[in-house]
Structures are given as structure tokens and as C-alpha cells.
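Turn these sequences into a full structure, and let the hints guide you.
Residue numbers (numbering that gives the first Met the number 0), protein chains in the order written: chain A, 0 to 315; chain B, 0 to 218; chain C, 0 to 664.
Keep in mind that the hints were calculated from the coordinates and are not lab data.
Computed from a predicted model, the values in this text were never measured in an experiment.
Among the hints, a few may not be true.
[Unchecked claim] Partial pick of chain C residues on the chain A-facing surface, computed with a CB cut under 10 Å:
{"#": "1", "residue": "A435"}
{"#": "2", "residue": "C436"}
{"#": "3", "residue": "L532"}
Ideal Cβ placement from N, Cα and C applies to all residues, glycine included.
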Amino acid sequence: MLFVGQAIQMVLVIALAPLVTGIVRKVKARFMGRIGPPVIQPYRDLIKLMRKETVFAENASWLFRAAPYAIFAFTWVAAALVPSFASGLMFNWAADVIALVALLGAARVFLALAGMDVGTSFGGIGASREMMIATLAEPAMLLVVLTMALAAGTTQLPGVADFLISAPITVRVSLALALVALVMVALAENARIPVDNPATHLELTMVHEAMLLEYSGRHLAMIEASSQLKLVLYLSLIVSLFVPFGMAPAQSGVAAWAFGGFAYVGKLIAGAVLLGMWEVSVAKMRVFRVSEFLGGAFVFAFLAILLAFLTREVMR
Amino acid sequence: MTQAYDVSHLLAGLMLVASFALLYQDRIFAVLNTFAAQAIVLSLAVAWEAWTQDRPHLYITAGIALGLKGIVIPVALHRMIVKLGIHRDVEQVVGVGKTLILGLALTSLSLMLVLKVTETAESFTREGLALALAIILLGLLMMITRRNAVTQIVGFMSLENGLVLAATGAQGMPLVVEVSVAFSVLIALFVFAVFVFRIRERFDSVDVESLERVRGDRK
Amino acid sequence: MTLLLLAVALYASAGLAAAVFHRRLLAIVYPLCIAAAMLAIIAGLPVLFEGTSETLHLPLGLPSIGLHLALDPLSGFFGFIVNGGVLAASIYGLGLDREHDLSPRIEPLVPVFAAAMNLVLIAADAFGFLFFWELMSLSSWALVVANHRDPANLRAGHVYLVMAAIGTAALLFAFGGMAGVAGGYSFAAIRDAALDPVVAGLVLTAALIGTGSKAGLFPLHAWLPLAHPAAPSHVSALMSGVMTKVAIYGVIRIVFDLLSTPQWWWSLPFLVLGAATAVMGLLYALLDGDVKRVLAYSTVENVGIIFVGLGLALAFRTTGLEAAAAVAMAAALLHSLNHSWFKSLLFLGAGAVLHATGRRDFDGLGGLIHRMPVTAVFVLVGCLSASALPPFNGFVSEWLLFQAVLAGPEFPEPLLRFLSPAVGALLALAAALAAACFVRLYGIAFLGRPRSPEAARAREVPGVQVAAMGMLAALCLAGGLFGGAMARSLQPLLLMLTGAALPGRASGPTALSLVAFNASRSSYDAPTILAFLLISGVLTTLLVHRLSSRRSRRSAAWDCGFPDSSPSNQYSASSFSQPLRRVYGSTAFGSTETIDMPAPGDHRPARLRVGFRDHAWDWLYLAPARFILASSLRLNQLQFLTIRSYLVLMFSALIVLLVIAAVWF
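Structural data, given as C-alpha cells:
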């Protein structure tokens with residue numbers, strides 16, 4: 000039963016990933032006054048890329064060919080571990096938040112290495128900037144995790160979600176600050192505006208796209224799918240931690256799962272719409288302003304912990 | 000009890016966040032808007048204390064905070080900047096990143112200190128004092144890490160916001176003190192305004208470093 | 000114990016044979032070392048698992064005191080680290096070229112170095128400990144300056160000797176303080192003595208200076224990136240992977256075992272210096288352009304991480320949180336072991352690169368993945384482990400350490416409670432910087448196109464050396480998969496050091512899970528994760544290859560339509576670190592960039608000059624050196640005074656002494 004649930008989740012996240020990206024693009028287009036491509040366009044893009052011939056650079060090594068699959072596998076496994084429609088599925092225990100962050104870190108390292116494999120200057124730019132952004136994002140991410148652990152007493156995601164479903168609703172300033180910090184980190188990690196622009200391909204500030212320049216055909220499809228999957232992962236992480244309502248608790252039946260599934264899809268769509276609205280309303284930053292943006296995330300996360308300490312001490 | 004605490008915690012926490020936002024901004028109008036927001040949150044916090052603790056004279060304090068610091072002073076500063084054509088960037092002595100880290104260290108320090116010193120006091124007082132001290136220190140930090148005279152004024156008044164917060168948290172502060180504090184701020188604003196006007200007239204800039212250059216402290 | 004002494008004797012005889020019989024028997028050193036290392040591992044393991052200890056009193060050394068030796072779980076664990084490292088380095092040594100690489104300056108010293116490290120671990124009195132510690136320092140110093148024709152090596156040796164002398168002097172003070180007036184120099188006597196808190200604090204400071212300077216704790220690290228790379232690569236692996244662990248052993252022995260009444264504030268220097276070391280080590284590494292120096296700086300970082308683990312363990316233990324102390328201690332111990340494996344692997348890999356290309360600067364490397372395919376795979380494993388990525392071993396200890404940090408809010412002491420998020424953030428920063436550092440190392444040296452003709456001509460190193468690296472790579476993977484079982488096997492040691500142990504085998508979801516406190520709080524199951532990764536990776540690959548077009552061809556790199564023929568147009572090591580330098584460099588090193596642009600119409604090239612200052616080196620090393628130089632010049636003038644001046648000097652000295660006496664009594 001739990002195994003089936005886990006399998007459903009793994010298929011569900013993959014099936015939904017291009018849709019979420021499609022919705023974001025559609026929303027952006029509508030707000031800019033364009034009609035925009037249909038929301039299923041990312042599916043068509045992936046299929047088209049799969050059908051295309053794959054071209055390698057002459058100097059590409061085995062690492063270049065293996066990396067797309069490795070990146071996809073790391074991201075997919077990480078996405079399978081985040082509670083989506085139900086918590087406490089088969090393998091949710093296999094990794095807590097820290098291991099989850101590390102799995103995404105491994106995917107990032109493979110992407111950066113693949114960017115450097117061919118030996119062009121663009122790949123190097125992307126790799127070095129991506130690693131720089133990661134160094135700014137990870138401390139903030141750890142502090143967010145620390146705030147969650149402080150509130151829920153666990154770093155297992157189902158445990159945190161269960162805690163938030165069952166705990167009484169009060170005004171929780173520190174959790175709100177942690178949410179802001181997590182959203183900022185998620186924007187940076189997914190190469191969204193204002194840190195990177197997913198819509199451009201050739202720009203001096205490019206980070207993510209610069210690493211994929213040499214990829215084509217099925218390999219490019221795998222990497223595109225991984226980044227769509229990563230977006231779903233972060234959206235699921237945010238909704239499962241901060242709006243877990245509707246999620247089926249551990250040891251619940253099929254009915255609860257079905258309800259949880261609808262709630263999950265609804266929350267993902269809402270998240271995608273919000274992301275699209277955000278992206279049309281802010282401008283991209285210069286790459287060296289990213290340190291200030293993520294420094295802000297760090298400050299929010301640190302304040303979250305300080306306020307949590309304060310509340311604990313005062314209410315004792 | 001818990002609800003009263005939660006809301007006052009939320010408001011005081013928002014003031015702290017606003018203090019950090021003041022340190023983070025690098026455009027003068029953004030600084031003014033953030034300052035106005037902090038003053039409005041302050042007035043809400045004070046009004047909430049007045050409501051929950053049934054101390055009606057605190058409404059006057061809230062009114063002063065809202066009217067004077069939430070509206071009058073930001074608007075006045077805004078007009079002054081436009082009128083004098085002051086440079087709209089915030090000149091920083093220390094970079095934003097380092098200032099924020101320093102701010103976090105100061106906040107930790109004040110929480111640690113106040114929580115340790117006031118172990119026997121009531122929880123509202125402890126909370127208010129701890130956050131107020133943090134806001135005061137952040138205001139001071141803003142004054143020493145920014146060179147623009149306008150941002151120094153804002154730093155000073157944000158410091159004063161912290162004082163008011165502390166005064167509301169500590170029960171039994173008479174109204175006279177608050178009114179006098181409010182007036183002293185107003186006077187300080189006048190002094191600063193004259194000061195800004197004079198250095199602007201003299202040096203065509205409100206960078207206080209120009210003043211130091213005249214005194215011979217700097218070349 | 001007897002077996003271990005036999006192993007030490009075997010080491011000594013190997014060194015002696017090589018020294019006496021000179022050239023012809025040099026090749027016998029490494030087989031003998033392998034035998035001795037295996038013997039020592041076999042001798043040490045039962046003690047570690049069963050938690051027993053043996054002591055021995057030999058009538059050697061100082062008259063009437065003799066030499067106390069003891070083998071307890073702590074010595075057994077670090078003995079495992081030391082001899083495992085020696086084993087790998089010796090297997091690598093088998094592949095050294097008899098004509099060119101073997102040298103009578105190096106080979107006799109390697110077993111002596113190994114023996115000295117083993118003896119430090121089992122010494123059970125102050126004299127023995129210090130004697131073998133000095134032996135270890137001197138033999139490694141001789142290995143550093145073995146290639147003395149290079150002036151850089153001589154300078155490295157000089158700095159190392161001075162730092163080692165300062166460190167030993169500090170340890171001398173530490174043991175003097177612990178022995179007290181009674182003068183009990185055996186560890187048993189020291190344990191029983193109750194120390195005055197002030198004296199204990201001084202002992203702690205001295206012990207931190209003594210062991211920290213050997214381990215490479217910031218700001219005492221300056222010698223390490225000079226000395227470790229100067230030695231031959233397999234010796235670098237020993238120094239970086241293993242000798243720093245002996246220093247860690249020293250600090251654990253003194254602080255957790257010998258000093259009787261630890262205070263909570265003792266953890267502060269560990270936490271602050273450890274976190275600073277971790278971040279600074281990597282920032283140095285990211286700015287350096289030499290493969291082996293980057294690895295040495297990464298050792299500095301890992302020592303910082305271990306010190307943070309020890310500091311947390313100390314803080315938790317002294318505030319009564321034994322379970323968390325066990326987690327932090329397990330993290331520190333496992334990281335010592337894991338680091339010895341992946342750092343040895345990386346240094347052996349650097350040695351292979353050096354052997355194949357003759358270069359260790361990033362600007363001369365590149366594209367080695369095509370020419371040294373097997374080495375490239377193993378070094379990749381080392382890089383992933385060092386970046387603390389699952390499913391390799393570096394992540395296991397890092398995960399445990401983060402779990403300990405997450406328990407930080409439970410500290411009753413406010414200062415520790417507020418410090419713990421800051422320490423955690425610095426550790427997370429260090430982890431991300433480590434990933435950047437190793438992406439840079441691997442991406443520049445092994446990927447891309449060769450930047451020099453030597454790199455283009457590189458060939459794979461001999462099979463034995465590849466096998467040595469393969470063994471370590473396998474250990475890195477195994478350590479990552481079975482981290483849970485390894486952490487639980489430290490049970491006796493953790494009980495001895497912290498008074499608690501990790502939760503038992505039945506507590507996790509599977510028998511191989513790593514569980515920090517209890518399974519509902521946090522768990523990490525590497526085998527399951529790896530199985531998931533393999534299944535999803537293989538499944539996807541098969542599916543994609545079945546469904547998608549399989550047409551593929553090779554063509555020139557696209558590179559946005561700007562194909563560049565010259566490999567020098569690739570991203571270089573210093574361009575890779577430019578964003579990080581811009582973000583962190585101005586704070587950490589006061590780095591500056593000046594661009595010299597020619598005027599329009601001028602044909603001279605534009606230049607970008609990057610400058611930075613090493614504040615630690617300036618303040619801690621140059622300033623005292625300048626002071627000593629100035630005062631010695633001043634004192635030198637004393638030799639050229641007139642008789643009258645001498646008399647004045649002596650008279651004033653007398654008066655000063657009289658005044659002191661008058662005030663004192």
C-alpha cells in the first residue's frame with residue numbers, strides 16, 4: 000500500500016513537472032499582454048527534443064553523456080522524498096531535509112562539471128556562478144531547516160508536515176520569516192527572476208543556461224525535465240511545510256489520498272500562478288547583487304531563529 | 000494571554016524586520032518608506048498594548064507615532080530631498096553584507112543580554128525590552144554605517160522608535176515622558192534639517208564626510 | 000599489544016634496512032610497510048570493537064620512570080586511521096619507478112614516520128608522547144625537505160620546523176601544567192590529579208596551540224599548505240590524511256580524557272576557531288592555483304570541521320546533554336576517518352597527475368579524463384566525497400555534524416544557544432564552498448581541453464598506483480553506504496569519551512540506517528538512496544534510449560557560435576574563482592581588482608590586476624618576526640658599547656632588581 004503510494008508520487012511529480020512550467024510561462028505571457036504558448040507546450044518541447052539528433056562536442060567525455068541521467072536521477076529521487084499528497088509514504092524516512100539538500104547539491108555538482116567538460120568559456124561562466132550562488136543559498140537553507148527543526152523537533156519532512164497539520168494555528172512570526180527565506184532560496188536555486196532569467200538564452204548574466212549550451216537532443220530533454228522537476232520539488236517543499244492542509248496524514252486510506260491529491264495539484268497550480276506573477280513584476284538583478292538578495296534571505300532565516308529562541312524563552 | 004502575546008510578538012518582530020530593511024535599502028526614498036512602515040507598525044504595537052492592558056493614555060502615544068513619524072516626518076523629509084535635489088543613493092561606509100551580519104550579531108547580543116538580566120520579569124516586558132534594545136542598537140548601527148545626513152536622521156528616529164517600544168513594554172511610564180520624547184525628536188528633526196540645509200548650501204552634497212574635510216579630520 | 004609492537008618493529012626494520020643497505024634495498028621498504036600496516040590494523044581492531052584496554056610498562060627511556068604504553072579504544076581507532084593511510088600510501092609506493100623516483104632520502108624515512116605516528120598513539124606518559132611526537136615531526140620535516148634543490152621546499156621546511164618547535168613547546172607546557180607539582184607524568188596519574196580551573200584553562204590553551212598547530216587550525220595553519228605539498232605525493236597523503244589525525248588524537252586525549260573537570264566555555268575556542276578554519280581554509284583553497292596546495296588547504300578546512308564536532312561534543316557533554324554529545328563526537332571521529340580516506344585518495348591522484356604530466360599548476364592541466372580515464376574516475380569519487388555529497392562517506396559525517404548543530408537550541412547556556420545557528424551557517428557555507436572548490440579542481444584539471452603539451456601527452460600511471468587509488472575510492476563508497484554501521488561500531492569509544500552512544504541497530508528503519516537521536520527525528524539511509532538512484536537512473540536511461548532518437552554525431556563545440564581554437568580561451572582556475580572572490584574576498588582578504596585600460600587608439604593590452612592580503616600571515620607571523628628582528632638588531636648594538644655604558648647598564652639592572660625585590664617582599 001505504502002509502496003504503491005510512493006510509486007504514485009514518483010510518477011505524479013514527473014507527470015506534473017512540465018505542466019507547472021507551462022502554467023508559469025502562460026501566466027507570464029498573459030500578464031505581459033501576449034497570448035503565450037499553451038500550457039502543455041513543455042511536454043511537446045520535451046518530445047521534440049527526444050526526437051532530435053544528439054550532437055556532442057568533439058571533446059566531450061563520458062561525463063558529459065552520463066551527467067544528464069545522473070542529474071535527473073538525483074533530482075527525481077529528491078522529489079520523491081518530499082511529501083506531496085500524503086505524508087509518511089514508503090521511503091520518506093530514507094532521507095531528511097539535510098540529505099535532501101545534499102541530493103540536490105549532488106545534481107548541481109554534476110551539472111557544473113558537465114558545463115566545464117567541453118572546455119568552452121560559457122560553460123565555465125555558468126559553472127562558477129552557479130557554485131557561487133549555491134554558497135550563498137546553503138547557509139540560509141540550513142537556517143530555515145534549523146527553524147523547522149526547532150518548531151517541530153524533527154528534520155524528517157513527514158514529521159514536520161504532520162506537526163504543522165495537527166498543531167493549533169497561532170501567529171508564528173518565525174515560521175513566516177522562514178517561509179520568506181525559503182522562497183528566496185527557492186527562487187535562486189531554480190534560476191528564476193531576480194537571480195537568473197529562465198527565458199533568456201544569451202545574456203551576460205546567464206547562469207543556468209550557460210551550463211547547458213553544449214547540450215542537445217535527448218540529453219537536453221533530460222536536463223530540461225530535471226529543472227522542471229526541481230521547480231515542482233521546491234514548490235512541494237514550500238506547500239508541504241507551510242500550507243500542508245489537505246495533505247493526507249500517515250496511515251490514511253485511499254479517499255484521503257484522493258483528496259490530498261486534488262489539494263496538492265491545486266496548491267501547485269496556485270504556486271505556479273504566484274511565481275508567474277512575481278516574475279513579471281520584478282526585474283532581474285546584476286549577478287553580483289545576488290549576494291545581497293540571498294544575504295537578505297540569510298537575515299530573514301537568522302531572525303526567524305532568534306525570534307523562535309525569544310518566544311521559547313519568554314513563554315517558558 | 001497567548002493571543003495577546005502572539006500579536007504583540009508579531010508587531011515587535013515586524014519592527015525588527017523593518018530595522019533590518021532600513022539597513023538593507025540603498026535608495027533614499029525606499030529608506031523613508033521603510034521608516035514610515037516601521038512607525039506605523041510601532042503605532043499598531045502601542046495601540047495593541049493599550050487595548051490589551053487597558054491603558055488608554057497609550058493611545059495618545061500611538062497617535063503621536065502614527066501622525067508624526069508615520070506621516071509628517073517622512074513626508075517632510077521626502078519634500079526636502081526633492082526640493083534640495085539631494086543625491087538619492089545611500090552612501091555606505093560599510094558594505095550592506097557586513098552591516099547585516101553586524102546587525103544580526105547585535106540582535107543576538109541584545110536578546111541574550113536582556114533575557115539574562117530580566118529573568119524574573121514578566122514575559123511581555125522581557126520580550127518588549129529585548130526587541131527594543133535590538134532596534135535601538137540597529138538604529139545606532141545605521142547612524143554609524145551611513146554617511147548621508149538624511150539616513151542618519153532616519154537612523155536616529157528608528158532608534159527612538161525602539162525607545163518608545165521599550166517604554167510601552169515597561170509598564171508605568173508616564174505620558175509626560177513620552178510627550179517630551181516625541182517633542183525632542185521633533186526638535187532633533189529641526190536641528191538636523193537646518194544642518195542638512197547648511198551643509199548642502201555649503202558643499203552641494205549631504206555627505207557628512209565633506210564636513211569632516213572642513214574640520215581637517217580627513218583630506 | 001604485542002602484535003602492534005611487532006608491527007612497529009617491522010616498520011623500524013624497514014627503515015633501518017633502507018638506510019643501511021642503501022640503494023639496493025630501497026624497493027623492499029614498501030612491501031614491509033604494507034605487512035606492518037596490516038599487522039597493526041589487525042592488532043588494533045579488537046580493542047576498538049570490544050572496548051578493552053591493555054597497558055604495558057617497558058624499562059626504556061628515562062631512568063626510574065620507564066615507558067608507559069597503553070592501547071585503548073581511542074588509540075585503536077586512530078591507529079586504524081594511521082595504518083589504513085600508511086597501507087594505501089605504501090601500495091602506491093610499490094608502483095614508484097626504481098630508477099627515478101626512489102631516493103635514499105625518502106624511503107628510509109617513510110617507515111620511521113609511520114612508526115612514530117603509531118607510537119604517539121600508544122604512548123601513555125608525557126615523556127613518551129612528546130618524544131614520539133617530536134620524532135614524528137622531525138621525520139616528516141626531513142621528508143618535506145627531501146627534495147632540497149627546490150628553494151620553495153627549503154622555505155616550507157623552515158616554516159614547518161619553526162611551527163613544529165612552537166607546537167611542541169606548547170605541548171610541553173600543557174603536560175607540565177597537567178602533571179602539576181606532584182609530577183605524575185604517566186597518563187594514569189594525570190587523570191587522577193584534580194586541577195585548579197585556572198591551570199586547566201592554561202593547559203587547554205597550550206594544548207590547543209600545540210595540537211592545533213600540527214593539525215592546521217586557523218590561524219596556525221600557515222605552514223601546512225607549504226609543507227604538505229612539498230613532500231612526494233604519497234608522503235603528502237600521509238601528512239595531510241593521517242598526521243593531522245594524530246594531532247586530533249592528541250587534543251581528544253588531553254581534553255576529553257586527561258583533563259578531569261571540563262567547563263562548558265572550553266568549547267568556545269573549538270567552535271569559533273573550528274568554524275573560522277573551515278571557511279577560511281576553503282577561501283584560501285579557492286584562490287590558489289596549485290593542485291596539491293588546494294588539497295592541503297582543504298585539509299585545513301576538514302580539520303576545522305572536526306574541531307567544530309569536538310567543540311560541540313564538549314559543549315553538550317559539559318551541559319549534561321550526553322546523547323547529543325555522542326552524535327557530535329561520532330561526527331568528529333567519523334570525519335577524521337573519512338577525511339583520511341578521501342584526502343589520501345586525492346593526494347595520490349594529484350601524485351598520479353604530477354607523475355603523468357610533471358605539472359601541478361592548474362594552468363598546465365586539463366582534459367585528463369581522456370588520457371587517464373581510471374584515475375579520473377577515482378579522483379571524481381574523492382572530489383564528491385570531499386564535497387560531502389551523498390552517497391559517499393564525507394556526507395555521513397557532515398550529516399551527523401548537522402544533526403548535532405540542530406540540537407544546539409537545547410543548550411541551557413545562552414551563549415552556546417545563540418552561537419549554534421551561526422556555527423551551523425558557517426558549516427553550511429563551508430560545505431557549499433567545498434563543492435565549489437572541488438568542482439573547480441576537477442573541472443579545470445580533468446575536464447575541458449589540455450592547457451599544456453605535457454597534459455596533452457599524459458598517460459595512465461602504473462597499475463599498482465591505480466589499485467591504491469581504487470582501494471581508497473572503494474572505501475569512500477563503502478564508508479558512505481555503511482556509515483550507520485560504522486557509527487554504531489564506535490559504541491565503546493563514544494561511551495568512553497561522552498558517556499552516551501548512538502541509538503542501536505534496531506532503532507532505524509533498516510539495519511543500515513544512520514540514526515542520530517531517534518528515527519522519528521532524523522534518519523539517513525544511504526543504501527536505500529543509492530538503490531533508488533540506481534534504479535531511477537538506469538530505468539530512465541533505458542527508457543530514453545528506447546523511446547528517443549538514437550542518432551548522434553560529434554561536431555565542433557557550439558559555444559554560442561564563437562568557436563575558439565585555443566585552449567587558453569577556456570575558463571581558467573582563477574576565472575572560476577572570480578565570482579567567489581568578488582563576494583567573499585574583500586571581507587576575508589581585502590582583495591582588490593584594478594583594471595588598467597589603455598586609452599582608445601593605444602595598442603597595449605589591458606591588464607586586470609588582482610591583489611589580496613593574508614591577514615593571518617601578516618599579523619601572526621610577520622609582525623612577531625619583525626619585532627624579533629628589530630629587537631635583535633637593538634641588542635646587537637649592545638656589543639659595541641663603551642665600558643662606561645656597560646657599567647651604566649649593569650648598574651641600572653641592579654637597581655631595577657632591587658626595586659622589584661623591595662616591592663615584592
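Hint validation: C/L532 versus chain A, beta carbon distance must be below 10 Å. Holds or violated? holds (5 Å)
Closest C-beta approach of C/C436 to chain A relative to 10 Å, hint status: holds (9 Å)
Chain A contact restraint for C/A435 - C-beta distance below 10 Å: It holds, given that the least Cβ distance between C/A435 and chain A is near 4 Å, below 10 Å.
In this structure, every one of the numbered hints holds.
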